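Q: Residue numbers (my numbering), protein chains in the order written: chain Y, 2 to 334; chain Z, 2 to 334.
These are calculated hints, taken from the structure and not from any lab test.
Which residues of chain Y face chain Z? A partial, calculated answer using Cβ under 7 Å:
no., residue
1, Ala63
2, Ile282
3, Arg283
4, Tyr284
5, Gly285
6, Thr286
7, Arg287
8, Gly288
Pair by pair, the computed Cβ-Cβ distance ranges are:
no., chain 1, residue 1, chain 2, residue 2, range
9, Z, Pro265, Y, Ala25, 43 to 51 Å
10, Z, Ala25, Y, Arg216, 36 to 44 Å
11, Z, Asp252, Y, Leu221, 37 to 45 Å
12, Z, Glu206, Y, Ser213, 25 to 33 Å
13, Y, Ser213, Z, Leu207, 21 to 29 Å
14, Z, Ser8, Y, Ala40, 54 to 62 Å
15, Y, Ala25, Z, Ala294, 34 to 42 Å
16, Z, Glu52, Y, Ala25, 56 to 64 Å
17, Y, Thr286, Z, Glu262, 31 to 39 Å
18, Y, Arg114, Z, Glu52, 54 to 62 Å
19, Z, Thr286, Y, Arg114, 30 to 38 Å
20, Y, Ala269, Z, Ala294, 33 to 41 Å
21, Y, Leu221, Z, Gly241, 27 to 35 Å
22, Y, Ala269, Z, Asp252, 49 to 57 Å
Computed from a predicted model, the values in this text were never measured in an experiment.
Ideal Cβ placement from N, Cα and C applies to all residues, glycine included.
Next come the chains, spelled out residue by residue.
Number of protein chains: 2
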Amino acid sequence: MSTPGQSPLALAERVRAGDRSGVAQALNLVDDGRAARRAEALDLLDALEGEATGRRIGITGAPGAGKSTLLDALATRLCSLGRSVAILAIDPSSRKSGGALLGDRFRMGASARDSGVFFRSLAARDQLGGLSEVTGASLDVLAAAFDTVFVETVGVGQSEAGIVDLVETLVFVAQPAAGDLVQFMKAGILEWPDVFFVNKSDLSELAGRTASELRAGIELGRPDASGERPPVLCGSARDGIGIDALIEAIDGHHASLARSEAGPRRRAAGRLARIRTALAIRYGTRGLARLIAQASLERQVDAHPGRSVERIIDRLSARIEAGWAGTDAGAET
Amino acid sequence: MSTPGQSPLALAERVRAGDRSGVAQALNLVDDGRAARRAEALDLLDALEGEATGRRIGITGAPGAGKSTLLDALATRLCSLGRSVAILAIDPSSRKSGGALLGDRFRMGASARDSGVFFRSLAARDQLGGLSEVTGASLDVLAAAFDTVFVETVGVGQSEAGIVDLVETLVFVAQPAAGDLVQFMKAGILEWPDVFFVNKSDLSELAGRTASELRAGIELGRPDASGERPPVLCGSARDGIGIDALIEAIDGHHASLARSEAGPRRRAAGRLARIRTALAIRYGTRGLARLIAQASLERQVDAHPGRSVERIIDRLSARIEAGWAGTDAGAET
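Please put together the full structure from these sequences, using the hints given.
A: Okay, here's the thing in structure tokens:
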């Protein structure tokens, strides 16, 4: 709960200063479903716009690949290097129960907790199965407070693809022999990640083969890519093997984005994708098409410089709803 | 392509008779994106409504679990028992390339092909990552022509959950030690399947342990369920072990639905869910909310007895769009 009477600007100041209780309040505010809090949330996000400069790193992979253990090791190591670290874990909502099945207890290991890693789990998924709007807004808050923010999703379905729009670097965690190359390709998972990590290399001699297959698959699956290929590393999160190499690969990707100016382009594309997805969820493909018929979405987004993604979503939503105002939703069919 | 001049009613007759070329034409028609063909597609689906009595069985599981091999074995065996069988495989669309990465070649084994199993793969996914509307309509066509229709999806994400609304029986294929119990529960996969099959029991002694963990997890994950628990079987699709037991379990589920009258209830709930999802994709959560503000979706659906799901979707769509007709999509923000 945010303190009554605390202004969004004061809260933004506390977030920027890395004040943990302020960050927790800000996350509650952007996750608050009540309309009355929305204006405050937008003011907060606008105030953080341009200040959310922490690096955003996505961790994805099949259930059981060892993502949580890897995150624990990565976060602990980064803390020991002096970076401030936050983890946002997306829990798959149970369709029957509506909430997350398991709480934070299962998700963060002892060492990360002891190192002072900030942890938050989000049960929120939109009803169509994708990552919710709240995920993006939560990352905006966390990236204003911490040097490095990890976001972890479970699953390898299409709905996880949206994570690409939210991060600077995407790490895919595989387990040895989780399936042959064709299976990886079928699931479409070779197209997006910037770094691959074959975990549990201690448990199986298959790790090396899996890595080779991944490398071959990346060649096949990215016919349009430039010369640069994402690195495929092996290691064991449990035994701390390969963690430094993984951090180096992530830093290398960051440096290569900075060198090539692909970073700002990727950020802009990600913002646009978040806006497009949020509007599609609220108003559907046909509602979105009506908006785009007036001017390209890019142009409409460009008309709101310095505004947060959420503010722009609300502005464009108002524009769509204005088109509904005249009549009721139709007569008898 | 459907033959020019062929009426939807004549095509429906060919589908009901199990004429394979008629079935292929009908599938092309319901998958045809052009507005001009939509009226024909709806006439076809209306004509098949109530006749699509074939059993619909969903097969899901993580990439690499051996779903295709299992389907090959299942379909071949059912054919040898005198049933007519079709398989609809949902290919994960590549987000970059837009189409399915791999064609039918990889998906159906030699024995099913030799046995005369009808095979179709659909690349279609809606842009938000769920199963597309076309999946449901394709199953309506296939279930009017064949005794048994399998639908296979890849992935264990939330977007695959929609398959529950389309089938009578859902089979989950696991591989030994694909992850511990907590991981299965996190992915929310223990809530829905009617039958579990732990594949590759020949390759690993872990199969028995995985099955035990699944059984324990089902107890925990279905606190609201009645006394009946879904069976958890072990076997090896590659070596044909456990296939007859799996068929028996699927038949047993069918019989239990028939006994308990849960079958019609499940079918009705599935139809409603398909309509709700399709409208949410077209018009968003807010467009749908405007429609539901007039009367419950159930009541609006009940006003169209004997009509196909697709017809009802189009009728309700027209009602929503009537509410847009008055004004343009709004003024300057």
